[in-house]
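Got two chains here, separate frames each, mind docking them using the hints?
Chains as they are written, first to last, in my numbering: chain A, 1 to 276; chain B, 277 to 582.
Among the hints, a few may not be true.
[Stated by the list, open to error] The following label-pair restraints were derived from C-beta to C-beta distances:
no.	chain 1	residue 1	chain 2	residue 2	range
1	B	A279	A	V257	44 to 50 Å
2	B	A399	A	Q13	21 to 27 Å
3	B	A279	A	K2	27 to 33 Å
4	A	Q13	B	E390	22 to 28 Å
5	B	A350	A	M254	32 to 38 Å
6	A	V257	B	A367	30 to 36 Å
[To be verified] Each computed DMTMM-like pair below joins lysine to aspartate or glutamate, with the alpha-carbon atoms no more than 20 Å apart:
no.	chain 1	residue 1	chain 2	residue 2
7	B	K353	B	D342
8	B	K410	B	E445
9	B	K353	B	D382
10	B	K302	B	E492
11	B	K543	B	E492
12	B	K302	B	D342
13	B	K302	B	D284
14	A	K2	B	E348
15	A	K2	B	E372
16	B	K410	A	E83
17	A	K2	B	D382
18	B	K543	B	D569
[Claimed, not checked] One side of the interface only, derived from the structure: several residues of chain B facing chain A at Cβ under 10 Å:
no.	residue
19	Y290
20	V327
21	F349
22	A350
23	R354
24	G356
25	P359
26	S361
27	F364
28	A367
29	L368
30	Y377
Hints were generated in silico from the structure; no laboratory data involved.
For every residue, glycine included, the Cβ atom is placed at its ideal position computed from N, Cα and C.
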Amino acid sequence: MKNVLLIAGKEIQECLRNRWVIAMTLLLAALALSLAFLGSAPTGNVGTAALDVVIVSLSSLTIFVVPLVALLISHDAIVGEMERGTMLLLLSYPVSRLQVLLGKFLGHLAVLSFATILGYGAAAFALAVSGAAITASSWVAFTSMILTSILLGAVFIALGYLISALVRERATAAGVAIGIWLLLVVLFDMALLGALVVDQGKTISSAVLSALLLFNPTDIYRLFNLAGAENISVLSNMSGIAESGRLSPLVLLMTLVAWVIVPLALAGLAFSRREL
Amino acid sequence: MTAIAELDHVTKRYGAIEAVRDVSLKLEAGETVALVGHNGAGKTTLFKLMVGLSRPTSGSIRVLGDDPAAGEFAARKRLGYLPESVSFNGALTGREVLSFYVRLKDVPMAKIDELLARVGLTAASNRPIRTYSKGMRQRLGLIQALFGDPLLLLLDEPTTGLDPALRQEFYEIVQELQQAGATIVLSSHALTELEERARRVIIMNRGVVVANGSIEQLHRIAGLPVRIRVTVASGQAQGLAALVGPVPNWREINGHLVEFDAAPGAKIALIRRATDKGGPAEDVTIIQPTLDDLYAHFLRTHGEAL
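Here chain B stands alone, though its shape is the one from the complex (with noise of 0.2 Å):
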């Protein structure tokens, strides 16, 4: 596989601030990467210094095969690029600036009418812009970002402002591109929305990564029990206790319901002996740390664990 981008050792400084600290990682082609962190953990300094908006104060950087920090843009072609939070000059219609943008790409104009309806923005296309709700506004933002086929797709928050619904439509959209072999960035705080779409998850903590990898990576670096609930028949809560023996975090939540952790390691047997043949359970549910629970974990042992 070919790197798509690359981050070396890259540190952005703003006065003492430092927004970015000594972050490098890569961008293999086709994958989706989610990037994920608190307000202020460096994330949109990582997408600024990638589109070449703002320079690093040490590292280098390639993306596409240029040197965004150089001024280098021939690569911006295929660069889709949606900020966290698009502005439109509010005087034109949508139609407009769009057309503009899609000359600026050397893009077919065919394509703005596909996009268009693709959002459903095609009844609002010729309305000045500064009539657009958000939810309107960041469609702009997300169809100028799909325009040239990009291979690499920075989005910043993409999702906010859209309702549910075209929530459901954007990630769809953001699966064919996938299909397509795109490289696809994608940060927001709705971590589990992230979870099913991404295969890589970046965690950053005040401009530093904390954590890098697959979700099934970060799960067994990070060890988290699962949550093993089990439903007895009534009055049998202690019966259960006693096939189980001693774990961690018990908690009977009515006559009918209990839960306990499980280390990684002895879920398997632990779950054996809560069903046991003659014992009291009726059911199981096996809760798995969810992204939240990941993301939480890495914040807290960061200093520690890297």
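So here's chain A without its partners, still in its complex pose (with noise of 0.2 Å):
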């Protein structure tokens, strides 16, 4: 345990030295703060609370941020270290790769949800300072969606190791999460809805339909966020699909770990294999 904080706190280190962490701190807080402010006059004399508004677009923004941003940190972190060479000495010392991979992992944890709290709470803490009356719910939803936010990140950090662990080249690995993220963000989702119309409801039952959405960690994302209290899933026109998917928040939560543990399990397995 003690050597993978150290790895850990390495990880921080070197993220704060070259800058990404005030890079993605400032780059989440200016999202928020954008979408707090010019996505809520419209809606003001509507009546739903502000804050509610803004997780609906502040979540739906994270499904494209947050899994970029989070392959962007993660997918270099063992073939580049590999290329740089760093990799043979520390490999060299009293640690296990399942250590190095876990404090990795840990640190750029670490990283994401500190500049995701700082970011989307500097958003809620402006919106509380203007004046917008928030309710306890509203506050809970947006606490949830932080955390899931960190947790849909944690999700794209393990792919991005997966990644890192299995290809040989840099370049190989930044192509491949690009295609990931494509893959999980945009085109997923088109074809499921391509596939929707196409069928008219003949044999893609609301249940299939669930069972597909597990199959993308965003789509669960955006199901717990957007579908899960009510106000929200009015706001955001999800409350169809919340109604018919029969998924509890819990499964949907439990799912979204399981998208971190087994590519991060995958991406040990595959790092124990390498050769230096």
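Okay, structure coming up:
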């Protein structure tokens, strides 16, 4: 455990040094703040709590941005250090490869959590200060959005490691990472939508649809945040899926956790078989 | 003596290339071994196998009681490794990198300052490593290899990039460790440099160990002739030739200097004759074959002798 924390600490130190932390925090804060103020202006008189609107727009944005950021910091983690030669020395030390991987994961997750909490928190804080009335349930929904955003980030960090442990070159890792991002963030939903339109509800039942959605972590995140709380599901037009879906928040959460553990375990397996 | 590390019929194949072929060797406690060979002879692969960075295709390895191929790493606490071209994250300072590695090996922080001072890196220790020269990086690599009073020190081309003064300093550190009982494996191209340091020489060629023994043993096995150089009074070279008799590679450099080869067995007799009372000899120099000559010999005869 000590080794894991040491490696995590070094990873955080490196992310601080190469300005990853500050860049990521500023990016997320800028997006959240602009959504909080631009987004709430037109709906201000409808009567929905401003924070709920922010949750809807911000979680839609999270689906695009957080996976991208997570893949950016993680795709390079193993293959990059191998190419630069720094892995050679690290692995000659009394640490196991699993410890190295877990340490990196903890470090990167800490950096991402810091950026998300600070960046998104800034938006909520600004709303609260500007006098918007925020109900307790909105706060709960906002907090759970931040936590699941971090979890979504963890999924893509783990996927990034898996890519990094499998490919031979950094450039390949970057290419595959972009491919994975496109697939899970854009193409998967488009394909699903296309299938639904073509099918006209003949073979794809709502149960099948729910099951299919579990194959994409970004959809799980979307379901959890946009269809979870009642206010928000109405606001986000997700109530239809939520009602027919029968997926409890717990199931969604567990599946998202599995989306972290499985790629991470596979990355560990691939990394332990790698030779330098 | 106990074996610190043992390789048993180890072969490592990368695709069709056999980087290391059927290598068996033992490193005893406290010995210093020079690992010698061309680029691509398999030295670096051998180090990587011992550290556990790659796994042997066949054969078994034990290092300080661990099987590195199985991912065992407890003993690496007492193992120092300096890779061939050591690299660090350039954004961090020397001190930051060292304090990370020192904690991974559970060594007190005070060791950092002691070693920084030793290799003359104290002043640069708070600068980012990207500003370091090759020699400074090499010194940083050396420091980290010395953490934890290593029982086994694997140094892959340790003196590349070091100036002569630092080279000297480096060998002094090695000697101290040697006296403290550490087992040291050095690989290098600079053979003459290793000649006085190593008790044992292992010569590799294309993945195969072609010679393995003390320098004296290797000299004996190789049976290389020594070169005898005699200074004679002007114009007396022919007189010397008559005295010595027929010898291989007779060469008159100028009127004063004559050189010839002497097989190890015939050395004493030849010198006696050459320096006979009343003869023309004024001075005699004996030139021993160097490690370079030995190396060349074993590379040439590889396949015949073994």
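Right, here's what the structure says about each hint:
1. A279/B with V257/A: 44 to 50 Å: Given range 44 to 50 Å: holds, Cβ gap about 48 Å.
2. A399/B with Q13/A: 21 to 27 Å: holds, 22 Å
3. A279/B with K2/A: 27 to 33 Å: holds, 31 Å
4. Q13/A with E390/B: 22 to 28 Å: holds, 23 Å
5. A350/B with M254/A: 32 to 38 Å: holds, 36 Å
6. V257/A with A367/B: 30 to 36 Å: holds, 33 Å
7. K353/B with D342/B: holds, 11 Å
8. K410/B with E445/B: Holds - the C-alpha atoms of E445/B and K410/B are around 17 Å apart, at most 20 Å.
9. K353/B with D382/B: holds, 8 Å
10. K302/B with E492/B: Answer holds: K302/B to E492/B is near 19 Å, not above 20 Å.
11. K543/B with E492/B: It holds: about 16 Å lies between the C-alpha atoms, which stays within 20 Å.
12. K302/B with D342/B: holds, 14 Å
13. K302/B with D284/B: holds, 9 Å
14. K2/A with E348/B: holds, 17 Å
15. K2/A with E372/B: holds, 18 Å
16. K410/B with E83/A: Given that 20 Å is the threshold and the Cα spacing comes to 18 Å, the pair holds.
17. K2/A with D382/B: Since the Cα atoms of K2/A and D382/B sit roughly 10 Å apart, the hinted pair holds (cutoff 20 Å).
18. K543/B with D569/B: The hint holds at about 18 Å.
19. Y290: Y290/B check passes; min Cβ-Cβ to chain A is 9 Å, inside 10 Å.
20. V327: Result: holds, 5 Å to nearest chain A Cβ.
21. F349: Cβ of F349/B sits 5 Å from chain A, so the hint holds.
22. A350: holds, 6 Å
23. R354: Given a least distance of 9 Å, the restraint on R354/B holds.
24. G356: holds, 9 Å
25. P359: holds, 5 Å
26. S361: holds, 7 Å
27. F364: Because about 6 Å separates F364/B from the closest Cβ in chain A, which is inside the 10 Å limit, the hint holds.
28. A367: Interface hint status for A367/B: holds (4 Å vs cutoff 10 Å).
29. L368: holds, 6 Å
30. Y377: Y377/B check passes; min Cβ-Cβ to chain A is 7 Å, inside 10 Å.
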